[in-house]
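Undergrad: Here is how the chains run, residue by residue.
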Amino acid sequence: MAEVKSNKELFNVSVSPHIRSEESVSKIMWTVNLTLAPAALFGVYHFGLNALMIILLGIVSAVFFEWAVEKIRKKPITIKDGSAFLTGLLLAMCLPPTLPAWMAIVGSFIAIVVAKHAMGGIGSNIFNPAHIGRAALMVSWPVAMTTWSKMTTSVPDVVSSATPLNILKQQGYDALISTFGSASNMYQAMFLGNRSGSIGETCTVLLVLGGLFLIYKKYINWQVPVVMIGTVGILTWIFGPAGFLTGDPLFHMMAGGLIIGAFFMATDMVTIPITIKGQIIFAFGAGVLTTLIRLKGGYPEGVCYAILLMNCLTPLIDRFCQPKKFGVRG
Amino acid sequence: MMKSFRGGVHPNDRKSYTANKPIETAPLPNKAIIPVRQHIGAPCSPIVAKGDLVKKGQLIATTDAFVSGNVHASISGKVIDVGEYPHPGLGTCLAIVIENDGQDEWAEGIPLKRDWQSLDADSINKIIREAGIVGMGGATFPTHVKMTVPKDKTAEAFILNAAECEPYLTADHRLMLEESARIVTGVKIAMKALGVTKGYVGIEDNKPDAIEVMKKAFEGTGVEVMGLPTKYPQGAEKMLIKVITGKEVPSGGLPMDVGVVVQNVGTAIAISDAVTQGIPLIQRVTTISGKAIKEPKNILVRVGTTFREAIDFCGGFASTPEKILSGGPMMGMAEPHIDLPIIKGVSGILALAEGESNTGKQSPCIRCGRCLNACPMGLNPSMFSLLGEKNLFEEAVEDFSLLDCVECGSCVYACPAKRNIVQYVKYSKAQNAAKKAAKK
Ligand code: SF4
Ligand code: SF4
Numbered sequence: 001m002a003e004v005k006s007n008k009e010l011f012n013v014s015v016s017p018h019i020r021s022e023e024s025v026s027k028i029m030w031t032v033n034l035t036l037a038p039a040a041l042f043g044v045y046h047f048g049l050n051a052l053m054i055i056l057l058g059i060v061s062a063v064f065f066e067w068a069v070e071k072i073r074k075k076p077i078t079i080k081d082g083s084a085f086l087t088g089l090l091l092a093m094c095l096p097p098t099l100p101a102w103m104a105i106v107g108s109f110i111a112i113v114v115a116k117h118a119m120g121g122i123g124s125n126i127f128n129p130a131h132i133g134r135a136a137l138m139v140s141w142p143v144a145m146t147t148w149s150k151m152t153t154s155v156p157d158v159v160s161s162a163t164p165l166n167i168l169k170q171q172g173y174d175a176l177i178s179t180f181g182s183a184s185n186m187y188q189a190m191f192l193g194n195r196s197g198s199i200g201e202t203c204t205v206l207l208v209l210g211g212l213f214l215i216y217k218k219y220i221n222w223q224v225p226v227v228m229i230g231t232v233g234i235l236t237w238i239f240g241p242a243g244f245l246t247g248d249p250l251f252h253m254m255a256g257g258l259i260i261g262a263f264f265m266a267t268d269m270v271t272i273p274i275t276i277k278g279q280i281i282f283a284f285g286a287g288v289l290t291t292l293i294r295l296k297g298g299y300p301e302g303v304c305y306a307i308l309l310m311n312c313l314t315p316l317i318d319r320f321c322q323p324k325k326f327g328v329r330g
Numbered sequence: 001m002m003k004s005f006r007g008g009v010h011p012n013d014r015k016s017y018t019a020n021k022p023i024e025t026a027p028l029p030n031k032a033i034i035p036v037r038q039h040i041g042a043p044c045s046p047i048v049a050k051g052d053l054v055k056k057g058q059l060i061a062t063t064d065a066f067v068s069g070n071v072h073a074s075i076s077g078k079v080i081d082v083g084e085y086p087h088p089g090l091g092t093c094l095a096i097v098i099e100n101d102g103q104d105e106w107a108e109g110i111p112l113k114r115d116w117q118s119l120d121a122d123s124i125n126k127i128i129r130e131a132g133i134v135g136m137g138g139a140t141f142p143t144h145v146k147m148t149v150p151k152d153k154t155a156e157a158f159i160l161n162a163a164e165c166e167p168y169l170t171a172d173h174r175l176m177l178e179e180s181a182r183i184v185t186g187v188k189i190a191m192k193a194l195g196v197t198k199g200y201v202g203i204e205d206n207k208p209d210a211i212e213v214m215k216k217a218f219e220g221t222g223v224e225v226m227g228l229p230t231k232y233p234q235g236a237e238k239m240l241i242k243v244i245t246g247k248e249v250p251s252g253g254l255p256m257d258v259g260v261v262v263q264n265v266g267t268a269i270a271i272s273d274a275v276t277q278g279i280p281l282i283q284r285v286t287t288i289s290g291k292a293i294k295e296p297k298n299i300l301v302r303v304g305t306t307f308r309e310a311i312d313f314c315g316g317f318a319s320t321p322e323k324i325l326s327g328g329p330m331m332g333m334a335e336p337h338i339d340l341p342i343i344k345g346v347s348g349i350l351a352l353a354e355g356e357s358n359t360g361k362q363s364p365c366i367r368c369g370r371c372l373n374a375c376p377m378g379l380n381p382s383m384f385s386l387l388g389e390k391n392l393f394e395e396a397v398e399d400f401s402l403l404d405c406v407e408c409g410s411c412v413y414a415c416p417a418k419r420n421i422v423q424y425v426k427y428s429k430a431q432n433a434a435k436k437a438a439k440k
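Listed in order, the protein sequences are those of chains A and B. Here the first sequence stands for residues 1 to 330, where the numbers follow the UniProt record's numbering. Here the second sequence stands for residues 1 to 440, where the numbers follow the UniProt record's numbering.
In isolation and in its complexed conformation, chain A is listed as follows (with noise of 0.2 Å):
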């Protein structure tokens, strides 16, 4: 019998394929920040200093706790992959403007050291890391998170310092286009973010457009916030303040942060069902709960609480939407 020839290895041998697609999580991540910064911008601009201290520490905080838990549990550390940055400034952009800035920072450590590591880290998070964050400053502070300020920029002096959903809660409807002086009126502060409300949420035509490039990169799928504004659309449509089909749809898809939270937050891919199907009911039931908190809930706003709910069926919704398999009828 003859020697088995060596069998050193010369060459790399991992297992097929051997190409990749240029594809990565930074870039998807990188891309979702950049898509957000122009409504974040807005904000700043609107909203002042307090809002632009707010989304600093906001991101340079979630970025240092991630680092932190990484080196501490001697993981390899990712901070530039976008992601924990990304929950910086989604959760910034979704705290209001006045909120005392060093708050910012004990909600990107619950996203981060809670919601995010010690559910498994990235990819293995329940609930959207910056929801959760949102949602614990919303218990803790309750005050100081639901106080909105005046706008820095030269609008009506009429637009008050509460939001338009408060308005409505509190006030009504009629008192709410009262405000703006007219309905037009309205729709086009709402359109272009001239309202007080959450530093990332108001400038309904920034949000849209980064979402739309997020669609065209094929990042997120278009059927996520379309069935999810939509259905919160029709449903405040149907159930209007003065009866059936009174409501006033167009206010209630631009109001609070539905834009923000249909674009950036139900298609967080992580804690959404993974297939589209999944996807779909996820945003249908997601706007079925905004829709249900903000019309009967104690609260003016649902949009958080809606996606987080959704959140924890997103396995379940999994288990019922496997893809259709080759091979296999029905």
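Please note that the accuracy of each hint is not assured.
Here are the simulated DSSO-like cross-link-like pairs (lysine-lysine), alpha carbons at most 30 Å apart as the crow flies [said to hold, decoys possible]:
1. B/K151 to A/K325
2. A/K324 to B/K78
3. B/K426 to A/K325
4. B/K361 to A/K74
5. A/K218 to A/K325
6. B/K247 to A/K325
7. B/K15 to B/K50
8. A/K325 to B/K436
9. B/K126 to B/K78
10. A/K75 to B/K390
11. B/K439 to B/K429
12. B/K361 to A/K217
13. A/K218 to B/K15
14. A/K27 to B/K15
15. A/K277 to A/K217
Keep in mind the hints are simulated off the structure, nothing from the lab.
Assemble chain B with the ligands onto chain A, guided by the hints.
TA: Chain B with the ligands only, in chain A's frame:
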């Protein structure tokens, strides 16, 4: 435009290195290392011993097992060793080593002239079996087994798989341009053996010249030549059948379950050579390519020639390769070294330069769903990597149909987290098989 299959990916095809290079005949090896296993199925046993003189085309290893493929001498000369040698797919394997006597003399009775028209199905299949023909696209499943229609089934159509969807590979492309007559004969013989009148040739539309040549060549035969959308894995049997016939091979089933038999271009030529001239499978056309190869080529090469000799024939390395592959970059196997024999199923040898292979570093799954969209089998590949990581292979089999995975690599290609899903699939399948075997 034809309807495509669901899923799939669009890797850069990188075929331009060799697509316009006519097939060149590689020099005969000084010694041919011929493994007794070059196919799926039972290994053959050597019927020659050290010191024997053999001729080209002489049977040197065989078996009674039906699912197997005979092995023939690819050169004439003296058997200088029968022993364990490196093998491109198995690590090592029993091989017969023939020292070239430089005569390149045929064994008695080869080549002959045979009128295939007068043969019946059984005799055609017998010839194919004796000639040791196996699937030359890389799967190496014995051809006579595929061509034997089970009693309870009827064949309805034959498909020539000329998709050649793996990047880099152009051997089939060149064969279509240069050897169309043999291909036509091979297809006609296969259709006769199967007793079918419907025949198709499926070619990806990134090879318009081949489509044109094949259309001309098959004129009047009733065989339909179809340009298919270029999308990986178009050449996977199930996808090809779906696109051409609209039928889905059932999960866990074979093409024959929908009455179809698929053979690849190289195999059709081997059938033609065996049936009309009595020539067994002792050589093949393969693509030598990749950035690390000085002069990429399509070469006609004898079985048992080493990767090293083939690469030397292509000018050697232009730079130090990072990876050596046998087969294409999507499904081919990375080889640790190049002192390996070319066997029947080696559809290409690729030397990928630093950075050309771009496998990236695996990070946690972010559930982006890209792998689901890429999977032509409609599976959830992300679960294979997650469950494989935790050793939950039984769950992967039962709840996520692991065994339906064809290991095409589309999911991995698409994954932004660079998950090595196919690695987990292979691992889990092996674990599952071992567990099943242990239960018996
Ligand atoms: S493509 Fe990769 S990261 Fe995305 S779901 Fe599949 S395995 Fe996970
Ligand atoms: S390797 Fe398997 S799981 Fe991945 S895409 Fe191909 S068939 Fe689907």
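Undergrad: Work down the list of hints and note, for each, if the structure agrees.
TA: Verification of the supplied hints:
1. B/K151 to A/K325: Holds, at roughly 29 Å.
2. A/K324 to B/K78: Distance ~57 Å between A/K324 and B/K78 Cα, so the pair is violated.
3. B/K426 to A/K325: The given pair, whose Cα atoms are some 19 Å apart, holds under the 30 Å limit.
4. B/K361 to A/K74: The hint holds at about 18 Å.
5. A/K218 to A/K325: holds, 23 Å
6. B/K247 to A/K325: Status holds; Cα separation ~14 Å.
7. B/K15 to B/K50: Cα-Cα ~42 Å, so violated.
8. A/K325 to B/K436: holds, 24 Å
9. B/K126 to B/K78: holds, 28 Å
10. A/K75 to B/K390: holds, 18 Å
11. B/K439 to B/K429: OK: B/K439 and B/K429 at ~15 Å, within 30 Å.
12. B/K361 to A/K217: holds, 23 Å
13. A/K218 to B/K15: Holds: A/K218 and B/K15 sit about 27 Å apart, inside 30 Å.
14. A/K27 to B/K15: holds, 28 Å
15. A/K277 to A/K217: holds, 20 Å
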